[in-house]
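Colleague: Dock chain H against the given chain L, drawing on the hints supplied.
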Amino acid sequence: MDIISKFLEKNGLVFAFFTTGVVMFASFWVSSKWTNKKIPGAAIAILAGLVLAYIGGEVTHGEKGIADIKIFSGFAQMGGSMFRDFTIVATAMGASFVLMKQTGWLGIVSLLLGIALAFASGVAIALAAGYSDAKSLTTIGAGACTFIVGPVTGSAIGASSDVIALSIAAGVVKSVFVTIGTPAVARFIGLNNPHSAMIFGGLMGTTSGVAAGLAATDPKLVPYGALTATFYTGLGCLLCPSILYLLMDFIF
Amino acid sequence: MTIYGVALLAGCYLAGQILGELLGESMGIEANVGGVGFAMLLLIFLHDFSSKKAPLATETERGITFWSNMYIPVIVAMSATQNVRIALSSGWVALLAGIVPVLVCFAAIPVLAAFSKNKKAA
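Chains as they are written, first to last, in this note's numbering: chain L, 1193 to 1444; chain H, 1112 to 1233.
So here's chain L without its partners, still in its complex pose:
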């Protein structure tokens, strides 16, 4: 047993390729046999991934889901930001340059609106929860943008560590909820063309959520959503600790 687990640990990335393949196969099988392909196989596979992550977290109390279990440590590499971004860039091969140029200005509008909406609703919830100082409100509002904007903002303006932890948690919840919610509501909000996918990416902004949510909805839309979403975290890190914090400081 010890030999096998050491062996799998040593070949972590390859074992992750194998395991993910098995998960995908099972998910596509379930999709076609049990749901008549009504729920896409990719959506089931991503959901299965989240369940595995929960199990990993429960077993190890770590932060990296299944990757905290030693034999599955290769998942951290395979699902890390390098492979994620590398494969997202590769999906651009099927995208149309003309279309992106046409809707470029719309991307900027949706980015600014997305950050403003997320920040404002995050602040509203923090207010309802009894926070009343500008630093905590700003940090929680920033966490409602993404789980990177939250802690970057919090440490820049000197928020307390429990508020920063809360902002990270809010960002993680957002990313998971976008992943699960997008395929469910896509039909109702007209998310079925490159045009709305670019708006979607800019409004949501969480790269992992947008990437996974669109993959589960329609993989052809991924490059369009990813293109705008990739500017969101940077823009959020720019606006939250500066203009938006000053605004909060002025009001509260």
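Hints are computed from structural coordinates only; laboratory data are not their basis.
Computed from a predicted model, the values in this text were never measured in an experiment.
Heads up, some of the hints might be wrong.
[What the hints assert, rightly or not] With the C-beta cut set under 8 angstroms, the calculated list includes, among others, these residues of chain L facing chain H: (1) Ala1218; (2) Ala1245; (3) Ser1367.
Quick reminder that beta carbons are idealized off the backbone N, C-alpha and C, glycines included.
Modeller: Frame of chain L; chain H shown alone:
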């Protein structure tokens, strides 16, 4: 050769990401600004450009499409490494602060889409 495609993709990735890093640095923030976006635009541009002058060999294209097809499995692996336990167990403030903005933004998508389509028609 397949590796030419992989190298082309890697070159676009690296150029885009470093541009994103430098842009973040120049704005004085600790984040990559648009690195993936720049890389994608570069790849689309080069692909467009070469398809007019000298189309990429099928083998070369395969080096890129392989990675594009690996996208969903990588996302599945990424999902499996999220901190789901924290997301589910961190109390209602974090849950609401994560869920409400998403609902608001879902509602804003059709509005923005309609607005931009009208503008295009006008």
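Colleague: Hint by hint, note whether the structure agrees.
Modeller: Here is what the structure says about each hint:
| no. | hint | in the structure |
| --- | --- | --- |
| 1 | Ala1218 | 11 angstroms, violated |
| 2 | Ala1245 | 4 angstroms, holds |
| 3 | Ser1367 | 7 angstroms, holds |
Violation of the numbered hints given earlier is confined to hint 1; every other hint is satisfied by the structure.
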